[in-house]
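*Asks:* We have chain X; now place chain D onto it with these hints.
Chains as they are written, first to last, in the working numbering: chain X, 2 to 397; chain D, 2 to 397.
Because the hints were derived from the structure by calculation, they are not lab data. What you were told as hints is all true, and nothing was included just to trick you.
Same chains, same label: a pair holds when it works inside one copy or across any pair of copies.
Each computed DSSO-like pair below joins lysine-lysine, with the alpha-carbon atoms no more than 30 Å apart: (1) Lys66 to Lys245; (2) Lys4 to Lys202; (3) Lys54 to Lys285.
Values in this document were obtained by computation on a predicted structure and should not be read as measured data.
Chain by chain, the residues:
2 protein chains.
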Amino acid sequence: MYKITEIEGGVCASEGFYADGVSAGLKKNNALDMAFIYSQNECEVASTFTTNKMFAAPIKHFRAKGEFKTNFVLINSKNANAMTGQAGVKDIEEVLEAFSSTCQENLINPLMSSTGVIGVRLPKQKIIKGTKLFDLRARNPKNASEAIMTTDTFSKSIALRVELQNGDCFHIGAMAKGAGMINPAMATMLCFITTDADASKAQMQEILDEVTVHTFNAISVDGDTSTNDTVILMSNAKSKAFDKEAFKEALFKVMHFLALEMVRDGEGATKLVTYKVTGAKDNKEAEVVAKALSDSLLVKTALFGEDPNWGRIASTVGASGVEAYEETLSISFNELCVYHKGELLFNEAMEEKAAAIMKLARFSISCDLGISNGSFTAYGCDLGYEYVKINADYRT
Amino acid sequence: MYKITEIEGGVCASEGFYADGVSAGLKKNNALDMAFIYSQNECEVASTFTTNKMFAAPIKHFRAKGEFKTNFVLINSKNANAMTGQAGVKDIEEVLEAFSSTCQENLINPLMSSTGVIGVRLPKQKIIKGTKLFDLRARNPKNASEAIMTTDTFSKSIALRVELQNGDCFHIGAMAKGAGMINPAMATMLCFITTDADASKAQMQEILDEVTVHTFNAISVDGDTSTNDTVILMSNAKSKAFDKEAFKEALFKVMHFLALEMVRDGEGATKLVTYKVTGAKDNKEAEVVAKALSDSLLVKTALFGEDPNWGRIASTVGASGVEAYEETLSISFNELCVYHKGELLFNEAMEEKAAAIMKLARFSISCDLGISNGSFTAYGCDLGYEYVKINADYRT
Numbered sequence: 002m003y004k005i006t007e008i009e010g011g012v013c014a015s016e017g018f019y020a021d022g023v024s025a026g027l028k029k030n031n032a033l034d035m036a037f038i039y040s041q042n043e044c045e046v047a048s049t050f051t052t053n054k055m056f057a058a059p060i061k062h063f064r065a066k067g068e069f070k071t072n073f074v075l076i077n078s079k080n081a082n083a084m085t086g087q088a089g090v091k092d093i094e095e096v097l098e099a100f101s102s103t104c105q106e107n108l109i110n111p112l113m114s115s116t117g118v119i120g121v122r123l124p125k126q127k128i129i130k131g132t133k134l135f136d137l138r139a140r141n142p143k144n145a146s147e148a149i150m151t152t153d154t155f156s157k158s159i160a161l162r163v164e165l166q167n168g169d170c171f172h173i174g175a176m177a178k179g180a181g182m183i184n185p186a187m188a189t190m191l192c193f194i195t196t197d198a199d200a201s202k203a204q205m206q207e208i209l210d211e212v213t214v215h216t217f218n219a220i221s222v223d224g225d226t227s228t229n230d231t232v233i234l235m236s237n238a239k240s241k242a243f244d245k246e247a248f249k250e251a252l253f254k255v256m257h258f259l260a261l262e263m264v265r266d267g268e269g270a271t272k273l274v275t276y277k278v279t280g281a282k283d284n285k286e287a288e289v290v291a292k293a294l295s296d297s298l299l300v301k302t303a304l305f306g307e308d309p310n311w312g313r314i315a316s317t318v319g320a321s322g323v324e325a326y327e328e329t330l331s332i333s334f335n336e337l338c339v340y341h342k343g344e345l346l347f348n349e350a351m352e353e354k355a356a357a358i359m360k361l362a363r364f365s366i367s368c369d370l371g372i373s374n375g376s377f378t379a380y381g382c383d384l385g386y387e388y389v390k391i392n393a394d395y396r397t
Numbered sequence: 002m003y004k005i006t007e008i009e010g011g012v013c014a015s016e017g018f019y020a021d022g023v024s025a026g027l028k029k030n031n032a033l034d035m036a037f038i039y040s041q042n043e044c045e046v047a048s049t050f051t052t053n054k055m056f057a058a059p060i061k062h063f064r065a066k067g068e069f070k071t072n073f074v075l076i077n078s079k080n081a082n083a084m085t086g087q088a089g090v091k092d093i094e095e096v097l098e099a100f101s102s103t104c105q106e107n108l109i110n111p112l113m114s115s116t117g118v119i120g121v122r123l124p125k126q127k128i129i130k131g132t133k134l135f136d137l138r139a140r141n142p143k144n145a146s147e148a149i150m151t152t153d154t155f156s157k158s159i160a161l162r163v164e165l166q167n168g169d170c171f172h173i174g175a176m177a178k179g180a181g182m183i184n185p186a187m188a189t190m191l192c193f194i195t196t197d198a199d200a201s202k203a204q205m206q207e208i209l210d211e212v213t214v215h216t217f218n219a220i221s222v223d224g225d226t227s228t229n230d231t232v233i234l235m236s237n238a239k240s241k242a243f244d245k246e247a248f249k250e251a252l253f254k255v256m257h258f259l260a261l262e263m264v265r266d267g268e269g270a271t272k273l274v275t276y277k278v279t280g281a282k283d284n285k286e287a288e289v290v291a292k293a294l295s296d297s298l299l300v301k302t303a304l305f306g307e308d309p310n311w312g313r314i315a316s317t318v319g320a321s322g323v324e325a326y327e328e329t330l331s332i333s334f335n336e337l338c339v340y341h342k343g344e345l346l347f348n349e350a351m352e353e354k355a356a357a358i359m360k361l362a363r364f365s366i367s368c369d370l371g372i373s374n375g376s377f378t379a380y381g382c383d384l385g386y387e388y389v390k391i392n393a394d395y396r397t
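If we strip away everything but chain X, and leave its shape as in the complex, we get (with noise of 0.2 Å):
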C-alpha cells in the first residue's frame, strides 16, 4: 500500500535537484531557451531516445559515454543539433568543458540536449556566454520548462510525492516539451524526470521501458519520429526509500501526464481523442491499429471538422494490415456505438448524437475487431490549419 498525491515543484520536486532557464538569445525577444537540470549528489540514469537513424548529436555523446552516472544536463532550445556529424557531438563538448571549467560546482559527466532546427551547427558562444547565467543553486522549475519550448504554447510539468506504508517517502518530478513530429515511436519531445527514489539504473530502466510503451510510444500528433526524442530518469537517492510497484504506478502517472499534454498541446490541435483497439488477434496488431487511426489524416481531418465519419475509421482499421473483418467490426464515439458487426446502425438522430460527442474536448473512439483478446489504447489528436500553417512556416 501506498499513497500518491501531486504537488507543486517540477523536477525540482524531488529532493536535492536544481533546476533553472535563462536567455542566451537563441530565442527572439529574450524568450528562455537554456535550461538546466543539477544535482549535489551523482545520479544513476535510465534513458529511451528516438529510434530515428539520423539521432542527433547529443544522443551519439550520450552513448559515447557508455555505463556513467550524472549530476548535470544542459538543455537548449531553437537549435536540434542533428545532422551536424561528429563536428556536433565536439560541439557539445566544448561547451560542457567551458561550463565546468568556470563553474563552481562539481559537475559530473555532465550531459546535453537540444531541440530545433536540424542541419545548423550549435551557436557554440552564444550557449557558452548563456551558462554564465545558471545558478546551479536556484530552483526555478517552471523557468527550466519553458525554455525547452518550441511550437509549444504553453509548458508541461508535474510532481509527485509517493508516500509507503512504513512511513518512506520518495518524489519523482518531470518536465517535457513536444508539439508537432509527436508520434508513437516517440519525436521532437524531450523529457527530463528527477527522483530521489533509491532505485537502481537497471530497476529504473525496466520500469521506464514498459511505462514508456503505454504513454510517449502511444500519442501521435503527426506520425513523424524526430531526430532527437529523449527520455532521461536520474535518481539521486537521496530519499532512500524505494518501492517497485509504487514507483511504477508513479512515473506512469507522471508519464502518461505529459504524454496526454503534449498531444492535447499538439501543432494547432483542438482535441484530445482516446483510440481505445479491442478484440485484435493479439495485443501487437491492437497496436498496429490504435496507432494507424490516431496517425490517419484522413481521421485527423475528419475530426477537425467534427464530423463522425465512422466509415473512415472502419476504412483505416482495414488499410492497417492487421487481420479484421467487417463482420466482426464494432465502432462507437464514447459510448454511443455507431456501427456492430455488419449492421448498419446510423441514422439522422444517431448522427446527430455522435457529432455532438466530436464537438467535446476530449473523448474516446473505440474499434473491437472482434477476434481475439489483443488490446492498446493509443492517443491523438485532430489536425487543422493551424498545424498546416505551423509546419508551413516553421524556420522563419
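*Replies:* Relative to chain X, chain D alone:
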C-alpha cells in the same frame, strides 16, 4: 520496333468500346454521376484491387465470379457501397439484373464499380433509373470520365495508338479518378483501361501487376488506402494485334500519366514532387524511403510552405526504418545538392537557390543513401489548407 502515339478518344479509342456518363441525381445540380463502359465482344479482364481488409461490395462481387469474361462495367460516384456487407453485394446484383433485363444489348457478366461515402447502402432506385438513360452505342468518353469524379477538380483520361513493325496496330484507352486518399497501396482511385490488343488474361495480369508497382502504387496524396481502389483492364482483342514489349510500354505510359494526374489533382495539392531514392540496401528499402518521404506530413507541409527544409528530409529518411547513415546520405533538390555525406553545404546563397526550386510546380527531391544499388521513384504532393478544408467537410 514499334511506335506509340497519343490520340483522342479515352476509353473509346480502343476499337469496339462504347462509354458515356449520365446524371442519376446522386450528385447535386444534375452533375454526371454514373458511367458505363461497353463492348459488343466479350473481354478478357485483368485487375488490381485495394489491399484494404474492408474492401467494398463491388470488389466482393467481382471476386465471387472467379474466372470470367465480361463486356460491361457500370460505375457510380457519391456512394462507395463499402461496409455494407452481403446486402451491398445483393444491391449490385439487383441493379445489374434490372438493367440487363431492360437493355437491348447482351450483357455478359456485367460488373459494377463505386466511389464515394462509406457505410451507406446504394440508392438502388436512383441508380436503376439512371441506367435507363444509358445508350450503349454512345461514345462520350469525356462524359464517362467526368461522371466518376468525386473531389477531383478535372477529369483524367488518355489514349494511345501502338503501331507494330509489321503494320499491325492496337490501342489502349483509359480513364481514372483520384484525389484524396491516394496512397502507395492505391486509394480511392478507380481506373478503367480498355484495349483492342489481342492479349490473353494471363499476359495482361502479369504486365498490369508489374506496371502498377511503379505507377499507381508509387503515388501518395495522404497515405491512406481506401476500401474501393480498383484498376480494371479489359481487352476485346478486336485488333488481333499484340506485342508484349510494346503493350507493356504503352500500358506504363497510360498508367504513369494517370498516376501523376492524380497526384497533381490531390486534394488541395499545388506541387508535384518526384522522390528519387538511390543507393539503398535494395530496391525494397528504397521504396520504403521514397514512400516515407511522399507520405510525411512534415515534408508535405514544408513543400507547401516552399521551405527547403532538408533537415526534415533527412529526419524522414532516418525514421523510415531502413538502413541509413548520416555519413553516407546525400540530398538534392533537382540538381542542387544541399547535403553531402556529412557535409553541411547549406548557406544563404544555396537556400535562395533551393527556395527558387521549391516554388516550381514540379521538381524532384533526390536522396542517395550511399550504401548499395537499391532504387525507387515515388511521387507525391504538398499538403495545404485546402486539403484540411476538403477533408474536414467531406460529407457535407
